[in-house]
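S.K.: With the hints as a guide, bring both chains together as one complex.
Residue numbers (numbering that gives the first Met the number 0), protein chains in the order written: chain D, 0 to 282; chain L, 0 to 539.
Hints are supplied without guarantee of correctness; some may be wrong.
What the hints assert, rightly or not - DEER-style ranges, computed between Cβ atoms:
1) L:76 / D:181: 30 to 38 Å
2) L:242 / D:29: 31 to 39 Å
3) D:116 / L:43: 29 to 37 Å
4) D:178 / L:229: 58 to 66 Å
5) L:168 / D:252: 37 to 45 Å
6) L:121 / D:116: 35 to 43 Å
7) D:201 / L:201: 51 to 59 Å
8) D:268 / L:238: 45 to 53 Å
To be verified - Each computed SDA-like pair below joins lysine to any residue, with the alpha-carbon atoms no more than 25 Å apart:
9) D:11 / L:216
10) D:11 / L:220
11) D:11 / L:221
12) L:35 / D:84
13) D:11 / L:217
14) D:122 / L:143
15) D:122 / L:76
16) L:35 / L:289
17) D:122 / L:145
These aren't lab readings, by the way, just hints derived from the structure by calculation. From a predicted model like this one, the values you see are computed outputs, not experimental measurements. All C-beta atoms, glycine included, are put in the ideal place defined by N, C-alpha and C.
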Amino acid sequence: MRRSIAVVGLGKDVGKTVTAFALARAAQRAGITVALTSVGRDGEVHDVVTTYPKPRLVMPAGSVIATATVLLPRSPAVEVLELTEHLTALGPVAIVRLRAECTVGLGGPSTGVAMRNLVDRLKNYAELVVMDGAVDRLAATAGGDDAIVVSTGAAIAPTLQGVVERTCALVERLTIPGQPPAGAIEVEGALTPSKAVDLLARRDLERGIVVRDPLSLQLPAALLRALRSRASVTCRRPLHVVAATVAAQGRERDVDPVALATAVARATGLCVYDIYRNAVAVS
Amino acid sequence: MRGVSSLTDAVTAEAVGALWLERVLEPISHAGRRAKEERRPFAPGQEREARAAIADVLATAERCSLEQAHALRAVVRGLPEPSETLARVAAGGGLEDLDIHQLLSFLDGLHTLRERGAGRLPERLLPVPFEGLHASLARGRQRSGGFYLDGPFDAALVEARAAERRAREAYECERARLREAAQALLGDAAREEGEFAVLRGTFAGLPPEGVRVIREAATYRVFELANDAPALAAFSLLEETRGSVAAAEERVRACITREVRVQADALLAEAQRVGEIDLHLAAVSFALAERAVAPEIVENAEVLMVEARLLPLERRLAEHGRRYVPISLHLDGQAVVTGPNMGGKSAALRTAGFVQLCAQWGLPVPARAARVGFVERICWLGVTAGAADRSGLLSSFGSEIVRLAQALDGIAGQRLLLIDEFARTTSPNEGRALVVALLESLRERGDLALVTTHFAGVAEAAGVPHLAVVGLRRAFPVSGGARPALEEALAVIGDAMDYRLTPAAQSEASGGAAIALARLLGLDDGLTARAERELRSARL
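In isolation and in its complexed conformation, chain L is listed as follows (with noise of 0.2 Å):
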């Protein structure tokens, strides 16, 4: 919506759902789109524009349903492109019947907007109305919807037809005439206009006055109808008299012309605004689809978030029949994250990135309450399919290192690094040193860090808060029957794990599921119960 490079590269768009969210967002328009690539993110201290931005979206869906929100945008979908035509009318060009029936198109819909919009939509979005333009160019509608340079807009016009109508009717009588003293000669064949062929054994005389041979074959012959001089006479009348209709035709299109050069700029705004609403409507489809609410935006750096839903993965569970479990934190510094496989840490780290993101791009947040304080940029740091180094070149933890250097790189304190289990494919000793230097580096720089880990104690060494995934409520049950299949064993890691974040009362590693969960997830009976022997013998 208000572009994804700005605020977020293409490994972070992907794993904190902005590309998700430009696809809800898209323009239908032309005029859409074009707003849409003029648009910036909302940066450190832009707050207040932001929030006016926020404020007028959730405006516009306290007074519209999501019904009238989708009709309004139909009329927008439907409305031409009048930008290419206006320029060049306002530079001087003239314009051809299919523009003046696309600008009466066009303002036919600006109507229909105002009309509709009308208490709905922001007052600097209503359309104006080009009532004089719009009456004067609405004189060339036919019944059909189409356009045509009519009768109204000259009587000089509809003379000329009218004369051109009787010099063809008189040239027709000729041709009729013609046609008729050579079917008398010729037969059938001379009934139509055009070339007309007859065989040698029907006719092989001369041809009569009027016709003229155009080809000779073995066998045949084949004529067209050839002008004497009074039927000469009334194709130059003919002639002179659609002179005259393409005259008065190019005089009225000249009328049109200077009538809509006058009012070029303003239409060129009113496209514009065309592109504005689409972008608008787009952004309260979605306030109203997501039930989003307006977060509170700071001037510090911090997100709050309350019951916020990471939407693309609400839409993929809903897709598999499972329920989204929404996910709050604070997160005003730095802090760790720690709880089971599959308890929902890296859903939580990106659900903050997704709030991040609406709010920067000036809409509301599908959560029940956020703060949020702006940032510059927002690195993920972690798996996601395009992270890794396609040159083959780079370990797993060799591209990692290479892109924490790179989320660094640049000013201090004006990042949120969404950090997913840093070093994890490095030794134990290693990578957790790596990760309390990291924490401690990310607070003396003041960036918001929210870091997830399966290290112990990591939060108590760097200093920073610890936020646990609630965890299992209950034990998986024991295998021993049928393996399940997926589906259902995802349904039954989803029953039993509580993804709530709490603070940790204490500094532990988390973790104490992942072999139940490996069996569940249908690794071998006699590998995991090998598993949990060496687990015991390790913590005796």
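This is chain D alone, in the form it adopts within the complex (with noise of 0.2 Å):
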């Protein structure tokens, strides 16, 4: 089956380009053809924001892009394969396909149902699409066969005990299982704190709670788990989280990379890859 891998990270700097990167490079090696696109810019010589160095993303022959039109190549040359309708701050977005190893640029809409779409259209091209991706924007994949990879590291948090627990509060809210029990309380839109208070006043908490993908749970991690110490909370589109990867060195600080990866595996019970150390911790 054809599927797809969302990169999604905590924030800034914490190696989700060089794991997307690293999962298509580490694809294209086993002889699957990969696609690559990104949830907004990447690829970019310098962030736009912090204006610090970003990684290059060196493609290999043989990979399908979708980015916008500007940020092309125009030498070596690429197969183009489709212009589609979507729209970035940087132009129409462009499928295509490299014909010679080449630097590129990405950048993909932004929204979650163009970014599905653009999916759907890149696995006519390729076996397996990779994203890079942004949290917010995960809501179209889920209850698809897509898998998630949650990249996190030093930059989020001042201390390790901080990144472990913000990473582990994420990786907490993308797991909320599907398939909800009958008669599950079932909450329209997004749970947020103000309704969270409604639910916990309730005495009949033991239906359970089910919204409608693990993004509409919009709770700080404190309240969300109080909420499932009295009741079950499921979702309607649940989705797979299936691997961690950490990068050790921040901005302004670094922790210890082994310590990170074993305290993040073994705080969200999945494999964590150190891209870095091309090493490997599980719980």
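M.R.: Dropping the structure here:
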């Protein structure tokens, strides 16, 4: 079955792009044709916001990419497959195949619906689609057979413990199970703190709570845990988080890479890869 | 299709189904939308052109099934819009690979349209085959259907790419050598291109040759491979060959650009023709789907329609499982239409407007037969959602008068006025006097006008023809049992009502069914019984 993997990060500089790129390269080595796209801009030389240098995306020949037309390399020439109707701040998105290895910039659509459509179209050209994503655009992938990789790193919190806690909270939210029990309390739209407080006041919480997808849970971790301690929280369109990656080096500080990978693996129960060390940690 | 605003205002457009027609005939291509913007309805004096346009649509409809028309439209829908690219090239700009891909798709589409449209579309709408240019651009077509500046364009490009490939392989060998050496010392982390981290516990010495430190942390360091002299030489050669490839690609692009520039004007004309095809096929689909016929277009203003259908109403009725009764009438000057409530008087007015509209948009009309003379404006004066005075300063009567004054402003004798129960909200005596006076005035002006009213003796007083809805074929069932639901009541009314228009034998006020209708539609029995008693005593 043709599949896709979305790489989502907890913030900037957590190795999201490096992870997406590594996944694409690894699949290519395994003889799998890969397509790559990004929610928003990636692959630029410097971060548009922070001006820090960004990783260069050198993609091998045969890769398919979906990106804003202005980011397409003029040389080496690419094979133009489709000009889509999806627009970005940088212009329309084109789907092209690289006929020679080259450095690419990625700029895909920023809405979940457009991204879903683009991923479906990319599946016509590649066996695996990798998207460099954003958590809040993931809703469109919910319920499908897409896998999700969570990227985290030293850049998101001042301490190792902080990094682990924030990562754990995200994973907890994204891994809310499907298959809601019959008669569960249905929550329309986002489950916000005020709705959660109302729910906690109910006496029939044993029925369980069901939301549309994990991203409907717009709650602080503590409130979600409080809710889960009293009721089963499920969703109609689950996501499939399969692994996490860690980046020990942040802009401001570094943490011990082994300690980070081990702690994240233990806290989330996920298989954790340190892309930079080519090492893996399991819980 | 030909611009609502020039023939009708927004209120009239809504009343006579122009907005519905616009939606049905909506172009599906950018070129079609542009062509639509440029079109105007046919005006008095353009009867010959209108006849030709309608004949054109019907000729295609003769040669083409609805499915075939839809299939041709699907080709139009899939065509890219090359006008911007062509204008840029004509102005001296260059083509990008995406532009060439778009032009190739455009030429593919033109070819398909020509092939499938031959014998169906009018000769003037058949796309020109740009065989030479098409074949030239098709050299870049790939098995995927995509476009690539490939070998067939230029032998030098093939050679440059082969040289680049060899140089890249040589450079990759050098990098593999460096990576292997680094991996032997630093472990598996060095296996990938790019940055890699190594724990100080694993390796704490000086970095080996071909590796440099790019970040120091307490427990680890981040390295990347650094080119040594042989790798640098290989890289230098690679860069050189890349430059050659880029130059060869630019040469091919420039060559294609020149080829396209020579034909840019002709291609732009073809893009415009696609817009015309889009509009034509929309009209053909309409004619086929609605079994529309060519109206006889005459020089003098008149509307004759035989079994004409007001399509938006026909659709709405069908959605509720009800049948639409086609309407026939002849309006050659001014006429009064009377009949019971819900007898189809307003629908008759709207149908006349719809038929007029179709003819002036150059469309066949949904009728068994029709004869139409052109007017400058169609004006609806009556009840519609958009007609109300939104400022709230005017009463219903006040709004009506303001709209009438606006409608009468301008050149006399070039309008079709559809006036629905004018002055119904003022005192009956004055209301009747106003309607009679209005009809007399319209007769003097020579405007076409169809006027519905419940006032008695209006047509006779104004000296204009009087048409009446045939009316109830039978009495409504007497209440007593459970009151029918609205849908059911409407079905009862529909079954009992004969909506046809006939010349009225005498000038008489319409009515007689209002109280029965009110009862059927849910008004309290006691209240309607009182109304009947009051009516009887008034007659006595």
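S.K.: Is the hinted pair residue 122 (chain D) and residue 145 (chain L) satisfied, with a Cα-Cα distance of at most 25 Å?
M.R.: holds (15 Å)
S.K.: CA of residue 11 (chain D) to CA of residue 221 (chain L), is that 25 Å or under?
M.R.: holds (19 Å)
S.K.: If I claimed the Cβ atoms of residue 116 (chain D) and residue 43 (chain L) lie 29 to 37 Å apart, would that claim hold in this structure?
M.R.: violated (50 Å)
S.K.: Lying within 31 to 39 Å: is that true of the beta-carbon distance residue 242 (chain L) to residue 29 (chain D)?
M.R.: With Cβ atoms ~33 Å apart, the hint holds.
S.K.: Range first: 37 to 45 Å. Now tell me if the beta carbons of residue 168 (chain L) and residue 252 (chain D) are that far apart.
M.R.: Because 41 Å falls inside the window, the suggested range holds.
S.K.: With respect to the beta-carbon atoms only, verify the hint that residue 201 (chain D) and residue 201 (chain L) lie 51 to 59 Å apart.
M.R.: holds (55 Å)
S.K.: Hinted pair, alpha-carbon criterion (25 Å max): residue 122 (chain D), residue 143 (chain L). Please report holds or violated.
M.R.: It holds: about 13 Å lies between the C-alpha atoms, which stays within 25 Å.
S.K.: Given the hint of 30 to 38 Å, is the C-beta distance from residue 76 (chain L) to residue 181 (chain D) inside that range or not?
M.R.: violated (45 Å)
S.K.: Are residue 11 (chain D) and residue 216 (chain L) close enough, with their CA atoms no more than 25 Å apart?
M.R.: holds (20 Å)
S.K.: Please work out if residue 122 (chain D) and residue 76 (chain L) have their alpha carbons no farther apart than 25 Å.
M.R.: Holds, at about 23 Å.
S.K.: Could you check the hint for me, namely that residue 178 (chain D) and residue 229 (chain L) are 58 to 66 Å apart, CB to CB?
M.R.: The hinted range 58 to 66 Å holds for residue 178 (chain D) and residue 229 (chain L), with Cβ atoms some 60 Å apart.
S.K.: Run the distance test for residue 11 (chain D) versus residue 217 (chain L): straight-line Cα separation, threshold 25 Å.
M.R.: holds (22 Å)
Hints 1, 3, counting from the list given before, are not met by this structure.
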